[in-house]
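Novice: Here is what each chain is made of, one letter per residue.
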Amino acid sequence: MGYSKFFNPEETLDRAGIEALQTERLRATVAHCMGSEFYRKRFREAGISAGDIRTLDDLQKIPFTTKQDLRDTYPFGIASIPLSECARLHSSSGTTGNPTVILHSKKDLEQWANAVARCLWMVGCRPDDVFQNSSGYGMFTGGLGFQYGAELLGMLTVPAGAGNTLRQIKFITDFGTTVLHAIPSYASRLYEVMCEKGIDPRRDTKLRILAIGAEPHSEDTRKRIEEMLGVKAYNSFGMSEMCGPGVAFECPEQNGMHIWEDYYIVEIIDPETLKPVPEGEVGELVLTTINREAMPLLRYRTRDLTRILPGECPCGRHHKRIDRIRGRSDDMIILKGVNIFPIQVEQVLMQYNELASDYLITLDTEEGNDSMTIEVELANSFIDDYSALQRLERNIVRMLRDEILVTPKVKFVPKGSLPQSEGKAVRVRDLRKKY
Amino acid sequence: MTIHQLSIFIENKAGTLVALLRQLKEAGIQLIASTISDTVDYGICRIICSEPVRAYEFLKEAGVAVSLCEVIAVELDDEPGRAADAIGVLSDEGLSIAYLYSFLLGGKGVLVFRTNDNVRAVEALQKGGQKLILEKDLSHLL
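Those protein sequence lines, which keep their order, are chains A and B.
Quick note, the first sequence lines up with residues 1 to 435 if you use this note's numbering.
Quick note, the second sequence lines up with residues 436 to 577 if you use this note's numbering.
One or more of the hints may lead you astray.
Claimed, not checked - Here are some chain A residues pointing at chain B (derived, C-beta under 7 Å): (1) Leu378; (2) Phe382; (3) Asp384; (4) Phe412; (5) Val413; (6) Pro414; (7) Gly416.
To be verified - Far from chain A, by Cβ distances over 12 Å, these chain B residues were calculated: (8) Ile443; (9) Glu446; (10) Lys460; (11) Ser472; (12) Val475; (13) Ala497; (14) Leu511; (15) Asp513; (16) Ile522; (17) Phe538; (18) Gly542; (19) Lys543; (20) Val554; (21) Asp572.
If you're looking for bench data, these hints aren't it; they were derived computationally from the structure.
The structure displayed is predicted, hence computed values, not measured ones.
Cβ coordinates follow ideal geometry from the N, Cα and C atoms, glycine included.
Use the sequences and the hints to build the structure in full.
Specialist: Written out as structure tokens, the structure is:
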């Protein structure tokens with residue numbers, strides 16, 4: 001079939017074209033934000049007016065918007081249009097303080113669906129594909145976000161929702177699912193259960209594309225999932241504050257996620273100094289929505305740590321690529337004064353075939369000192385040899401120490417014994433005494 | 436000329452051993468001999484049992500970390516010095532033993548062990564006139 005490689009003409013804009021469109025949309029967005037009580041006050045306090053924002057460089061004049069701002073204005077305080085013109089809201093669970101609410105107009109929802117469809121099209125999804133979504137529906141944006149994107153693209157959609165692994169597998173085999181959206185730990189879980197039931201994903205399913213996201217994971221995890229399920233797995237990046245999925249997605253090159261710059265202006269800042277980091281260095285991702293009407297967010301601090309990949313992408317898109325997320329500033333463990341991200345531990349563990357994919361990091365206080373214990377599941381086919389197991393353990397400890405600069409204790413546990421939720425796997429437990 | 440042994444990785448935690456034994460009970464597997472050596476966090480439970488291959492498949496299906504190993508079993512007459520004779524044969528050949536345990540079955544002593552080279556060990560034991568036990572002998576003795 002003579003399909004185009006691109007879903008939208010905006011995908012092929014060159015840098016000058018992207019920046020021209022961004023400038024135009026930034027001005028319009030800022031003007032539109034003056035409909036929001038919150039931003040009117042923000043601008044007044046910063047001593048700026050909408051008219052001061054003329055170029056992309058002027059963006060620096062605008063104060064950051066934070067998650068705390070979303071909480072403080074809960075539920076509708078940042079909206080730029082009347083509620084009567086809004087079509088949907090998504091709310092995040094508020095484990096600490098107020099939850100957050102993001103409002104969408106009808107046009108916002110259409111644009112969101114378009115962004116998701118563009119992502120899926122980019123990795124080869126076509127109308128004759130069968131798309132199954134194992135995200136929770138409802139308030140979790142991975143459900144409806146992927147649903148409407150996949151429908152817009154024209155695929156047959158299977159809105160399976162979260163959990164019920166046996167039913168997921170039955171849908172995959174019975175409906176001939178070719179494209180699946182799942183978080184990485186759940187993709188591994190699906191594979192394990194398929195194996196238990198004697199289903200070979202390569203032989204017994206038509207799966208070919210997997211969209212994975214929402215959970216930090218390493219390149220080795222991706223390769224392992226691709227190997228297990230016989231698919232190409234593409235990294236997806238989104239967050240409910242920016243609609244949900246569809247913010248950035250990997251192209252077939254699988255080397256960084258193109259962030260749609262006709263929707264967002266991207267900045268990477270040093271979370272301490274709040275100044276831009278030099279091109280290519282890791283920092284906190286800051287996004288400005290320039291294609292949203294109900295609730296645009298200006299310079300939103302995402303807390304996600306990443307970097308812009310330098311160079312051109314051979315796929316023909318000039319939209320910047322962000323590296324896989326290095327973790328959230330919230331996920332960061334500070335142990336004995338050292339900053340550690342769980343993903344660093346995962347990257348080391350995934351190099352060992354002797355290990356299964358689940359692990360649990362426990363932080364505790366031993367004799368007044370911080371300690372870190374990593375329980376890791378042993379693959380089912382283990383070697384009956386104490387000295388080999390001890391060598392393996394010592395080797396892992398050494399590799400981890402080189403990576404995280406702290407010496408952890410490694411404990412092997414049988415497969416299936418770590419806490420496993422149908423949603424995100426529990427990775428870190430902090431039992432340290434707080435002083 | 437070897438027999439099958441189940442090796443199961445178990446966590447050093449209350450209830451894990453009994454859970455394993457109940458699984459074997461459910462499968463109708465009879466234990467002949469077993470041993471667990473202790474370390475701080477985990478142990479390997481080694482089991483000689485009836486129908487080891489079926490037991491292995493059953494446990495594997497249940498998601499247990501289990502491997503099926505080849506070990507050597509030597510039958511000893513019930514009198515002093517026979518173990519020394521058997522192990523002496525291996526020692527003379529320069530073979531080393533990874534682990535060993537023993538039990539009594541039908542009035543005879545049985546030594547079970549794994550060496551660094553089971554093929555050479557079997558040859559040496561046969562040449563040295565030692566009686567190797569086969570899997571069918573075990574089920575016969577049950």
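Novice: Hint by hint, note whether the structure agrees.
Specialist: Against the structure, the hints come out as follows:
no., hint, result
1, Leu378, "holds (6 Å)"
2, Phe382, "holds (5 Å)"
3, Asp384, "holds (4 Å)"
4, Phe412, "holds (6 Å)"
5, Val413, "holds (6 Å)"
6, Pro414, "holds (5 Å)"
7, Gly416, "holds (5 Å)"
8, Ile443, "violated (9 Å)"
9, Glu446, "violated (6 Å)"
10, Lys460, "holds (19 Å)"
11, Ser472, "violated (7 Å)"
12, Val475, "violated (9 Å)"
13, Ala497, "violated (9 Å)"
14, Leu511, "holds (24 Å)"
15, Asp513, "holds (29 Å)"
16, Ile522, "holds (20 Å)"
17, Phe538, "holds (18 Å)"
18, Gly542, "holds (30 Å)"
19, Lys543, "holds (26 Å)"
20, Val554, "holds (18 Å)"
21, Asp572, "holds (23 Å)"
Consistency note: the structure conflicts with the earlier hints numbered 8, 9, 11, 12 and 13.
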